[in-house]
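**Student:** Spelled out, the chains give:
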Amino acid sequence: MLGFGNFEAWISATDGTRMAPYAIELTGINKSFGPVHANKNINLAVQKGTIHGIIGENGAGKSTLMSILYGFYQADSGQIEVDGKPVTINTPNDAIAMGIGMVHQHFMLVENFTVLENVMLGAEGAQLISGSITKARKELKRLEEEYALQVDTDAIIEELPVGLQQRVEILKALYRGAEILILDEPTGVLTPAEADHLFRILEQLKEQGKTIVLITHKLREIMAVTDNVSVMRQGEMVATRKTSETSVEELAELMVGRHVLLRVEKGEAKPGAVKLSVENLTVKDGRGVVMVDNVSFDVRAGEIVGIAGVAGNGQSQMIEAIAGIRRAETGRVLLDGEPIGVTGEADPFMLRKRGMAHVPEDRHHMGLVLQFEENENSILGYHGDAEYVNGPMLDIDGIRSDARDKIEKYDIRPPNCRLKTANFSGGNQQKIVLAREMEQDPTVLIVGQPTRGVDVGAIEFIHKRIIEMRDAGKAVLLISVELDEIRSLSDRILVMFAGRVVGERGPDATEGELGLLMAGVEGEPTREAAE
Amino acid sequence: MAAPYAKLPAWVDYGLIPLINVTVAFLVAGLVVLLVGENPVRAAQLLVQGAFGSGDGIGYTLFYATNFIFTGLCMAVAFHCSLFNIGGEGQAYVGGLGVAIVCLAFDSVFPWWINLPLATIMAALTGALWALIPAWLQATRGSHVVITTIMFNFIAASLMVYLLVGPLKPVGSMAPETRTFAEGAQLPRLDWMLEMFGLTIRSAPLNITFLLALAAAFGVWVLIWRTRLGYEIRTMGFSPTAARYAGINQTKVIVIAMMVSGAMAGMMALNPVMGDQTRLQMNFVAGAGFVGIAVALMGRSHPAGIIPAAILFGMLYQGGAELSFEMPTISRDMIVIIQGLVILFAGALEHMFRPTIARMFHMAGGGTLKPTPQPGE
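Protein sequences appear in the order of chains A and B.
Going by the numbering used here, the first residue of the first sequence is number 968, and it counts up by one from there.
Going by the numbering used here, the first residue of the second sequence is number -6, and it counts up by one from there.
Hints are supplied without guarantee of correctness; some may be wrong.
Stated by the list, open to error - Mimicking BS3-like on lysine-lysine, the simulated pairs with C-alpha atoms at most 30 angstroms apart in a straight line are:
| id | chain 1 | residue 1 | chain 2 | residue 2 |
| --- | --- | --- | --- | --- |
| 1 | A | Lys1173 | A | Lys1233 |
| 2 | B | Lys162 | A | Lys1320 |
| 3 | A | Lys1431 | A | Lys1185 |
| 4 | A | Lys1251 | B | Lys245 |
| 5 | A | Lys1387 | B | Lys245 |
| 6 | A | Lys1237 | A | Lys1320 |
| 7 | A | Lys1015 | A | Lys1320 |
| 8 | A | Lys1431 | A | Lys1387 |
| 9 | A | Lys1015 | A | Lys1185 |
Because the hints were derived from the structure by calculation, they are not lab data.
Produce the complete structure using the sequences and hints provided.
**Tutor:** Pasting the structure below:
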C-alpha cells in the first residue's frame, strides 16, 4: 500500500501542533455496491481553513466518498466527525445543517429561473415568498460583496455562461451557511480562464476561513490551488501529501499505480503533400452569429496541426463544418485536393468514404450512442460500408469479430463487445471512438478534445496512438482546450480567438506566449489579412 | 444523483419484474372487485376461465391478441425512433379501407390466398400513407407527431364515416357498412391449430392473420436489430446528434420509421375485416390502436415482449367479457379499470419494484451484480 505509512506519519506530525479540530475527519469508511468495494477503509482528515484536494482516476471512489459525506449514501461502516464531533449524515439536509455544501459536477440549477430564485429554492422560509425575496436579495448582495462573487441577481440561469452558473452554485451553498464546501470536478465544464477565476475565488473563500474539498482528476489543478492532497486508487486512500512537498509525477504514479509518461516522446515530423486545405471558411452558429471568420490553413500528410484556443472561440463550429456536420456560409475545404462542398452537399457519411475520420469533441452526444452495445458503436458512421453489411442486412458476426479485434488492439476494458457503452469508463469510451476512426485508415484525422474526461493512464495511450497516426503519414488536425496537450502533440500550433486564426507557432512556443494569443492580447495580422 | 441501478440478470429484468407488476395490478384490481361486493377470487377464476377455459375462449383471446400484436408493433417501431405515434387507431382504421378495396374488387375473382397478400399490401400501404403527412411534418417542420397523429385519428374517423354512409354502402342498405365479402375474401380459421391440442372451436374468429401477426413480429425484430435501416432508426431514437455525426439522413429515417409504424397498424385491419366480419364496419378498430401503446410499453418495444403482452390484453378483453356476463355487478367499465391498472403497474410504474428487487438480489449475493458506473464520475 503505497505511501500509507507516510499518511500516518503526517497525521501524527500535525496532531501535536494543530490548534482546532479537523473540519472533517473520516475514519474507516467502507462502502460496497454489490461485490464492488467502492470505498475500502478510508481515512481522511481535512484541516480547517485549507483547500484539500482529492485526486484519483475515474471510478477510484472519490465521488462515492463525497456522496457519503453529503448524505446521498450511507457508509456500511466507519465514522464521520465534523468539527471534532461525531455525526450521522442520512440526507443532504443533514449535511447542509452541519454547514457542508456541495457544488456538483453537473449543476443543479433550474435553467429558466433567475439567480435569486435558484439561490432561494428550497430555503424559501415561508409560504408566501414576497417577504423572503427581499430578505434573500439583501443576503445575496452581502455574500456577493463579502466573497467578491458578483453575479446579476435577476439574470436567467440559462443565459449565463457556465462559469457564472457555477458561481451561482457556490453562492447557493454559502447562502445555506456552508463552512465546508465540496466541489466535484468543478473545472470539467470551464474554460482555462474560467478555471483560473474559480481558483481565485477558492483562495478567497479559504482566506475567509472556509474549508474546501476539491475533487478532480486533473493534476495541474491540484498543484495550483490545494494545500494538501489525498490520492485514491481503486477504492483505497493510497496517500496523503502536502502539496508543496509532492510533484505531478509522484501524484500521477500514485493515481495509476505505475509510472506514467505525462509527455509522450515523438520524433521529427516529416510533412508531405497538403491533404486538408481550408480556404476562407466562415461558419455561423444556430443563432446566426459568425463563429468562424474567414479562416484558412493547410494540414499536410505526416504532421499534427494543433488548434489552441479558449473554448467557444469557434473551434467546435469549425471542425463540425470541416467534418460535414454543420453547413458553412462561405469558403472551401479541399480533401486531398478535391473540394468537399462545405457550404452545401458535404455529408459526413460521404466524407468518411473519402478518407476523413473525425473523433468528435463531445463523445457522449455525438461520437457514441451510449445505449448501444460496444460493437454497435464500433461501426457508427461506417454502418453502410460493404465490410459491415450484406445488402440491407447488417453482418452481425462480422461486426462483432471486428469489434473484438479493435478491443484487443486498443486494450478496451472490459473486453466485452456486447456490453452497453454507457458502462465503459470515459477513457475506454474514448478508445472505442478512436479505434473506430483510426482503424479505417483515413487520409485526414480530425481529433477534438481527445482526452477530455479521460484517466491519466489512458491519456498516455491516446497520445501515442495520435502520434502513430502522424508517423503513418496521416494529416492530423487536433483541437484541444488543454494547452499541455496541444504543445506536447502538435508540430504546428494555430491559435484561434473570436473565430479567427490569430497566430501560428511552433511546438516550442511557451505557455505564456500562447496564452496571450488565446486571450486575443497579442494579435498579429492573420495570413489572409496579410495577403 | 440516483442510487446506482444494479444490473439484473435478463430473466429477472424481462420475466420476474413484469410478472410482479402484473400480479400487483391484479391484487389491486381485486380490491376494486371487493369494493363492489363481489368475491375477487371468484372473479379472477371467471376471468381466466373465460379467456383460457375453452377452445372458444382461447380462440377469442388470440383473436384479440392478433389486433394488439399489430398495434403494439406499430408503437414499438416508432418508439425505437423516439417517436410517439399515437395515431395507430386512425392508421388501422384507414388500413381497413385498403383491405376493403381489395376485397370488394376481387372477392369473386381470386381465391383467398391471392386476395390475402393483395389486401396485406394495400392495408400496409394505406396505413403507411396515413402516417406519411404527420411524419413529413415532424421531420421537416418539427410539428410534434403526438399532436398531428391525434388530429389524423379524427380525420380518419370522419373520412371513414363519410365513405361508409356514402360510396361504400350498398344501395338500399340502412347499415353504415360495406356488403359482405364473397368467399374469395374470407380468411380461413385456425380451428385446426387448436384442435391439435384437443380443443374444439365453434364460433371463435381466430384466423390465419394470427400467424401473419407472428411473422410481422419476427419481421420487426429483423428490421430493428439486423438491418442497416434499423440501426439508423435506433441511432436516431437514442441520439439525434450522433445520427447527424454519423451522416444519417434524419428526414428519411423519421419518415420511413413512421411509415413502417403506420403499415403495422394498417395490417391490423385484416384480422377483424377479412378474418371475422368479412365486411368493413364503422369503428371496427375499437380502441386497439390505443391498447397498442400499453402493449408496446409492457413489452419493452421488443417483439418477444409484445406477443405475451398482447396475449395478456387479449385475455383481459375476452375474460373480461365473460366476467361481466357472469357477474352483472361488474360492468364493462370495471374491466376497463382492471386494464387501466395493468397499464399503470406495467407501464407507468414499471420501475417501482425494481430497486427493491435489485437490493434483494444484492443481499442474496448474486455474483453477476455490479453497479452501473455513472457517466462522468
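**Student:** Hint by hint, say whether it matches the structure.
**Tutor:** Results for each hint:
1. With a CA separation close to 42 angstroms, the supplied pair Lys1173 (chain A) and Lys1233 (chain A) exceeds the 30 angstroms bound.
2. The straight-line distance between the Cα atoms of Lys162 (chain B) and Lys1320 (chain A) is roughly 57 angstroms, outside the 30 angstroms bound, and the hint therefore fails.
3. Proximity of Lys1431 (chain A) to Lys1185 (chain A) is assessed by CA-CA distance (about 19 angstroms); at most 30 angstroms being required, the pair is judged to hold.
4. A hinted pair counts as satisfied when its Cα atoms are at most 30 angstroms apart, and Lys1251 (chain A) with Lys245 (chain B) qualifies at roughly 25 angstroms.
5. Of the pairs offered as hints, the one joining Lys1387 (chain A) and Lys245 (chain B) holds, with about 27 angstroms between alpha carbons and a cut-off of 30 angstroms not exceeded.
6. For the proposed pair Lys1237 (chain A) and Lys1320 (chain A), the alpha carbon gap of about 26 angstroms is at most 30 angstroms, so the pair holds.
7. Pair hint Lys1015 (chain A) plus Lys1320 (chain A) does not hold up; C-alpha atoms about 59 angstroms apart against a cutoff of 30 angstroms.
8. Proximity of Lys1431 (chain A) to Lys1387 (chain A) is assessed by CA-CA distance (about 27 angstroms); at most 30 angstroms being required, the pair is judged to hold.
9. Between Lys1015 (chain A) and Lys1185 (chain A), the direct Cα distance comes to roughly 23 angstroms. Compliance with the 30 angstroms bound is thereby established for this hinted pair.
Hint compliance for this structure: hints 1, 2, 7 are not met, and every other hint is.
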